[in-house]
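Residue numbers (our numbering), protein chains in the order written: chain A, 48 to 313; chain B, 3 to 268; chain C, 40 to 199.
Worth flagging that the hints you see were computed from the coordinates, not collected in a lab. Watch out, some of these pointers could steer you wrong.
[As the list claims (entries may be wrong)] Restraint ranges, calculated between C-beta atoms of paired labels, are given here:
(1) R64(A) to T8(B): 43 to 49 Å
(2) A216(A) to A28(B): 29 to 35 Å
(3) A111(A) to L213(B): 45 to 51 Å
(4) A28(B) to T141(A): 46 to 52 Å
(5) S136(C) to L264(B): 30 to 36 Å
(6) A28(B) to E263(A): 32 to 38 Å
(7) A41(C) to T141(A): 30 to 36 Å
(8) D134(C) to L264(B): 45 to 51 Å
(9) A28(B) to T303(A): 44 to 50 Å
Built from N, CA and C at the ideal position, the CB exists for glycine as well.
Given next are the chains, with one letter for each unit.
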Amino acid sequence: MTNLVEISNLNFGYGSRLVLKGINLTVPKGSLVAIMGLSGCGKTTLLRLIGGQLQARDGSVTVAGHHLNDMNQDELYALRRRLGMLFQFGALFTDLSVYDNVAFQMREHTRLPESVIRDLTLMKLNAVGLRGVQSLMPSEMSGGMARRVALARATALDPELILYDEPFAGLDPISLGVIGQLIRRLNDALGATSVLVTHDVQESLKIVDYVYFVSEGVIVAQGTPDQIRASTLPFVHQFIWGEADGPMPFHYPSRTMSDDLGLKEV
Amino acid sequence: MALEATLRGIRLVGDKTLRIVERVGATAVFLGLTVMHSATSFRRFDLVIREIFYAGVQSLIIILVSGLFVGMVLGLQGHETLQNYGSEQSVGVLVALSLVRELGPVVAALLFASRAGSAITAEIGLMKATEQLSAMEMMAINPIARVVAPRFWGGVISMPLLAMLFSAMGIIGGYLVAVVLIGVDDGAFWSQMQAAVDFRHDIVNGIIKSLVFGIAVCAIATFEGFEAPPTAEGVSGATTRTVVSSSLAILALDLVLTAFMLKGWN
Amino acid sequence: MARSTLNLWVGIFVLLGFFSFLMLGFKVGNLSAGGSSSTYTVIAHFDNIGQLKERAPVRSAGVLVGRVKSVSFDPVHYNAEVQMAIDSKYHFPKDTSASVLTSGILGEQYIGLDAGGDDKMLKDGDEIKLVQGAVVLERLIGQFLFNKAQDGGADKGVQK
């Protein structure tokens, strides 16, 4: 099995602050891989590096055999046509209807006649169970429905690689389950490969094939969902069972309490 | 101590100046980028027509009504002053020249900046804040070509039309007050106006002015929207900056253009 | 909004703009008088042009036939060189005379052309030789007094 995404010895930072340090990561073709970690640990940054929206400082990011570091804008755009991405809150185009949102890429990138676009769009909407809302505007839908429409839009051109940025954020438990199942089903039905960035442990462990744990810019653990559940690493244990204190301290690093309150030992 | 304070003051002036120059430069670069990526707008002109609707047609009411009132006030004030010299018939000349040369292009552009410019900034800023621009980039569609350029050209095309409508409406307003209400001779009103207003030097120059103002307002509006920090305060701040910077730019450019036009650059 | 409604509104907007352009050009401006049609340039040197400015009218028999294109000082002859753009519809004989006149008592100054009888016509770049500069009030009064004094002297001489 070949790898669709390969990241080796990747360093990335904003200014002098390194956000990602020595990341090594592979995503085999056809698999669904999750990148988990706390908010602000660099997961989304990692996803943007795979999508080519950010450039690695050192190391390499390879997607479908192309090194992203030495690609120009046109080559990058050509590669992105084979990619689909679901943004954190859907990022639907608010000035277009649901139908036009899903049809957007087909109209921009292909010269298909409108009747074919119509059929394809309705099929994509049907796959997420929302053929009935095609004429609504994004503002008229609930968050869960908007996320499903965004999913239909991300898969509109049958991408080889689908990137998900926090697909479960801000959803009720039912929508959460629906989205989780859709992600798995779409991945298998399209023969695509998916990378999922999330902090929702329980839902993602149900659907993914492999998990990477990122903490403070480094990969601290990896494995299949079963291996992760059985992990004895304190950090992973704390993360999965949502304990308040542990290796990830409750207190943000600071001066000692007595210093802050001006209490001096005499 | 006093030296220290003076130095700090001077440094502040320097810092502010540099920031303004930097902003003007960045806007100019952005304008260049927009023009470079304008092919899509002209290949798919329906995108621009849509923006002409939002920028031009929706500014129509405010432009027409303001034009009428400004013309009426000019008629009243002009008549009041001119009758002291026994030349009430020249009120047509006064109304027409003030409108065609100055008030038409300038006031229409100021109204356009606050009505359409702020809307463009807010819309692009919100699209950025909700990751719609990022989503577009991930779909291999350049947001400058697809979102910015049509809005820019829609505004640039609307601006001279609005300025001419403002002037025409103002002259009708002046006519209503001077001829219909006060009773200045109808023939003298128009014939003196025609003898004094030159097509090339007054009307065409007015249109050139409004075109330049349109380019300035639209460049500022799209730039501020595109560079707005992706937060609520960021977008509201950018909207305010659009109105303030555009108004200043319009008045400063008007001075430069008027100076050139009076001296004659051809 | 439906595509067709949107197009309709934009169409109305563009047409309105076009009509206002026509109104500005023909009703407000001088486009109907052929203001932007082609012109040819003739030159005239005046010893004094008074308050004549660029874009002042050039009239013949009271009709507007052109405009002053430029006014400059001629450093060779020490007088004023005036270039006039005359509408190509109108042709004037070579011996036409030009004078700087004033409309009304305090009105603006313009150039009046009086056609001569020559067969040849003025062409682009030609010079009008017969000129009459602006009347300067002080000189006029001075001349009047001088003449009066001379006339008075002559009359007395005859009577003696």
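Status of each hint after checking the structure:
{"no.": "1", "hint": "R64(A) to T8(B): 43 to 49 Å", "in the structure": "violated, 37 Å"}
{"no.": "2", "hint": "A216(A) to A28(B): 29 to 35 Å", "in the structure": "holds, 33 Å"}
{"no.": "3", "hint": "A111(A) to L213(B): 45 to 51 Å", "in the structure": "holds, 47 Å"}
{"no.": "4", "hint": "A28(B) to T141(A): 46 to 52 Å", "in the structure": "violated, 27 Å"}
{"no.": "5", "hint": "S136(C) to L264(B): 30 to 36 Å", "in the structure": "holds, 32 Å"}
{"no.": "6", "hint": "A28(B) to E263(A): 32 to 38 Å", "in the structure": "holds, 35 Å"}
{"no.": "7", "hint": "A41(C) to T141(A): 30 to 36 Å", "in the structure": "violated, 18 Å"}
{"no.": "8", "hint": "D134(C) to L264(B): 45 to 51 Å", "in the structure": "violated, 36 Å"}
{"no.": "9", "hint": "A28(B) to T303(A): 44 to 50 Å", "in the structure": "holds, 45 Å"}
Against the hints set out earlier in the document, violations occur for numbers 1, 4, 7 and 8.
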